[in-house]
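**Q** Going down the list, the sequences are from chains G and U. Position in the first sequence counted from 1, then plus 16, gives you this note's numbering. Position in the second sequence counted from 1, then plus 16, gives you this note's numbering.
Derived by calculation from the structure, the hints in this document are not laboratory data. Each hint should be verified, as a subset may be incorrect.
As the list makes no split between identical chains, a pair holds if one copy fits it or if it spans any two.
Listed next, the in silico EDC-like pairs over lysine to aspartate or glutamate satisfying Cα-Cα at most 16 Å (straight line) [as the list claims (entries may be wrong)]:
no.: 1; residue 1: Lys266; residue 2: Glu173
no.: 2; residue 1: Lys160; residue 2: Glu146
no.: 3; residue 1: Lys333; residue 2: Glu146
no.: 4; residue 1: Lys358; residue 2: Glu371
no.: 5; residue 1: Lys274; residue 2: Asp298
no.: 6; residue 1: Lys212; residue 2: Asp134
no.: 7; residue 1: Lys333; residue 2: Asp298
no.: 8; residue 1: Lys78; residue 2: Glu146
no.: 9; residue 1: Lys351; residue 2: Glu83
no.: 10; residue 1: Lys337; residue 2: Asp299
no.: 11; residue 1: Lys246; residue 2: Glu355
no.: 12; residue 1: Lys333; residue 2: Asp361
no.: 13; residue 1: Lys358; residue 2: Glu112
no.: 14; residue 1: Lys274; residue 2: Asp299
no.: 15; residue 1: Lys394; residue 2: Asp74
Source: prediction; values computed, not measured.
In case you want the letters, here they are:
2 protein chains.
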Amino acid sequence: MKRHFFFLFVLMALTMSGQGYLSPSVNSPDITNDGTVTFRVKAANADTVRLVIDSRLDTLMKHTGNETWSITLRGLEPDLYMYYYIVDGMKVIDNENAHTLRDVKSVMNTFVLDPQGDCPVAVHNVPHGEVRAVWYDSPTLGAKRRMMIYLPPGYEESRQRFPVFYLLHGSGGDETVWLEQGRAAQVLDNLIASGKAVPMIVVMPNGNVDEQAASNMSALGNVQPTFAHKNWMDGTFEQSFSDIMNWVDKNYRTRTGKRYHAIAGLSMGGYHSLYISANQPDDFAYVGLFSPAISRMDQGKCTIYDDLEGKLINQFKQRPKVYWLGIGEKDFLYKDNAEFRKLLDKNRLRYTYHESGAGHEWANWRDYLVIFTQLLFK
Amino acid sequence: MKRHFFFLFVLMALTMSGQGYLSPSVNSPDITNDGTVTFRVKAANADTVRLVIDSRLDTLMKHTGNETWSITLRGLEPDLYMYYYIVDGMKVIDNENAHTLRDVKSVMNTFVLDPQGDCPVAVHNVPHGEVRAVWYDSPTLGAKRRMMIYLPPGYEESRQRFPVFYLLHGSGGDETVWLEQGRAAQVLDNLIASGKAVPMIVVMPNGNVDEQAASNMSALGNVQPTFAHKNWMDGTFEQSFSDIMNWVDKNYRTRTGKRYHAIAGLSMGGYHSLYISANQPDDFAYVGLFSPAISRMDQGKCTIYDDLEGKLINQFKQRPKVYWLGIGEKDFLYKDNAEFRKLLDKNRLRYTYHESGAGHEWANWRDYLVIFTQLLFK
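Only chain G is shown next, with the shape it has when bound in the complex:
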């Protein structure tokens, strides 16, 4: 009778919630202990099926019978992966894999490859920090705005104060992306547990000043995520940044003083980090520019962007502990960054330069986060 009840319950629950996955299923992604990954998709009558793995791979899959297309990949690096299929020209997700993330507006499946159990973006059995979605008040923008906060393991139990790392997203992102694609909570948990990073608070605000929150978390209703925001890189976000710092210092047990403040960001967030730190030279001893969207064309747009060279010279007089620049060799912003390095070199401003493979993509940014975080507050 118990068994009968169980099966009835499961069957009905499946049926009634309109799952659409009662059709014969395949195992995908099928990940073995050695890190081999097999993707399988049922696509009856399809002519071509392609697998696209974020910016890493776009390949045809093979028809392996029984309406199934598949491909096996070996030797992939431990990391988070995002993928989808293209069936006869139509983008579809893997219905066998419930885990998805979006990159701006594109929804993809995800999995984490961690064959050795040491991938820094995987969840491990270590003490976990707390993640909070909070709404802070920005008097400058005249709005309540959402941001995400990572608190290190033990924060609640201790009376200790902690350093603060401000971590900024790129164009098309929002306050959630460093936790989602960026795996910031997992990276911090793992680095802190292994003693490679010191316990710290990580603050992830929303850098799109025309929205209060990620597009499905704001009162604007059914808005789609977009690259096109008002007041895009016009100085407004940088000018409102002290609202965030004030709110964080008021609401959390933070250590004050520049040696306990870090700021970093990817792409647009790198641009924000560059100008916020240059305009607030007393605030940050640690600056990380991850594939920063550096443009020398912003002068005149806002005083925030005026005289960058002079501001940098002044900032470096006070010797930032770490000024870190990372870029992929295939990044479309590589040239802009090379010019920026020339500017730093010309003025003998000392920075750490990290050149990686690949381009303007999350595989790099997760890696930069792992590297940069280990340098902080030491």
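Chain G is fixed; fit chain U onto it per the hints.
**A** Leaving out everything else, chain U in the frame of chain G:
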């Protein structure tokens, strides 16, 4: 030049992150101010395209030219909707809509319909509570486990203590579902702002005792969400429940005493709520059973399930303030619940009964949450 930079940046970012959405796009879901919703999908060469809206609708779409299939719906109730398409038998999501949720293992698109601006599950411009993902210690289960906490607006700024509402998910769910499909944070924000509910803490634990966290948030790696959990409804979760209450009382400014404690859950969570409250009659003055998976076949499985009738009689001697039972008339558990009502009636145990349309589905559970929450702590 600025314009040039902007377009270059956007184009490259789109291209390099492998979006796959540069193909000519359509507007979907296209939601007008009066609540009319048009779904459109590009599906060249498709023979049939269907639209499935959670358990509410499964209908053919019309080929409206230019490789596009569409359908327009009017008069839908304000609510959260989940939908997907079936293109020639293959389930696909709407590539024009970046917002998705999963129901157990099935990923679907979502939108919120709020034409009057008064839908209780929509985000409105009201003070927002804080949402936390925390890891609590369960000595009974010998594990650190993840749960979600909603704190009412103003919690951090005040020194006040708050009542606690324990809100439990169903089979196939986890600690995230009441926030995702259940929209608990939005419901609480809106009800508190309008004075219809008192400020309270809402605690959403994970009721699957064989997992520490939602399947993509645990150290188990690439596990898919499932209905099939070990120690499924065998008393283990109920027996470990005091670990959760102890941790919450230790870490939050809670009011103590049964008149400041509510417990409710959907389906399996209703079953958990029934037995936890019956076995801890001194702990909860408010009990909500939302389409509870009530089975009279559990006796002998665990002492937790023994002598329910006797325990209920004892529980009701102490007069719960609200004992609330909600079920849809088409729910496959309707009969079980009718039998349970007979048991309550036979013993003259006073409860509130709410019978709604529809079946075992989220549209009901969101509605029950809105109704039940307004009854609490008054």
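**Q** Hints first: check each against the structure and report whether it holds.
**A** Status of each hint after checking the structure:
1. Taking the shortest Cα distances, Lys266 and Glu173 sit within 16 Å of each other only across copies (10 Å), while inside one copy they are farther apart (19 Å).
2. Taking identical chains as interchangeable, the C-alpha atoms of Lys160 and Glu146 lie at most 16 Å apart only when they sit on different chains, with a minimum of 13 Å there against 22 Å within one chain.
3. For the identical chains of this complex, Lys333 and Glu146 are neighbours neither inside a copy (37 Å) nor across copies (41 Å), given an alpha-carbon limit of 16 Å.
4. Within a single copy, Lys358 and Glu371 get their C-alpha atoms as close as 15 Å, which meets the 16 Å cut-off; across copies the closest is 72 Å, which misses it.
5. Taking the shortest Cα distances, Lys274 and Asp298 sit within 16 Å of each other inside one copy (6 Å), while across copies they are farther apart (52 Å).
6. For the homomeric pair Lys212 and Asp134, the shortest alpha-carbon distance inside one copy (13 Å) is at most 16 Å, but the shortest distance between copies (49 Å) is not.
7. Within a single copy, Lys333 and Asp298 get their C-alpha atoms as close as 11 Å, which meets the 16 Å cut-off; across copies the closest is 66 Å, which misses it.
8. Neither within a single protomer nor between protomers do Lys78 and Glu146 lie at most 16 Å apart by alpha-carbon distance, with minima of 43 Å and 48 Å respectively.
9. For a Cα distance limit of 16 Å, the shortest separation of Lys351 from Glu83 qualifies neither inside one copy, at 47 Å, nor across copies, at 41 Å.
10. Only within a single protomer do Lys337 and Asp299 lie at most 16 Å apart by alpha-carbon distance; the minimum there is 12 Å, versus 54 Å between protomers.
11. Proximity of Lys246 and Glu355 under a CA criterion of 16 Å is satisfied in neither setting, with 28 Å inside one chain copy and 59 Å between copies.
12. Proximity of Lys333 and Asp361 under a CA criterion of 16 Å is satisfied intra-copy only: 14 Å inside one chain copy versus 80 Å between copies.
13. Proximity of Lys358 and Glu112 under a CA criterion of 16 Å is satisfied in neither setting, with 49 Å inside one chain copy and 42 Å between copies.
14. For the identical chains of this complex, Lys274 and Asp299 are intra-copy neighbours only, at 4 Å inside a copy versus 49 Å across copies, given an alpha-carbon limit of 16 Å.
15. Taking CA atoms no more than 16 Å apart as the test, Lys394 paired with Asp74 passes in neither setting, with 42 Å inside one copy and 59 Å between copies.
In this structure, the hints that do not hold are numbers 3, 8, 9, 11, 13, 15, in rising order.
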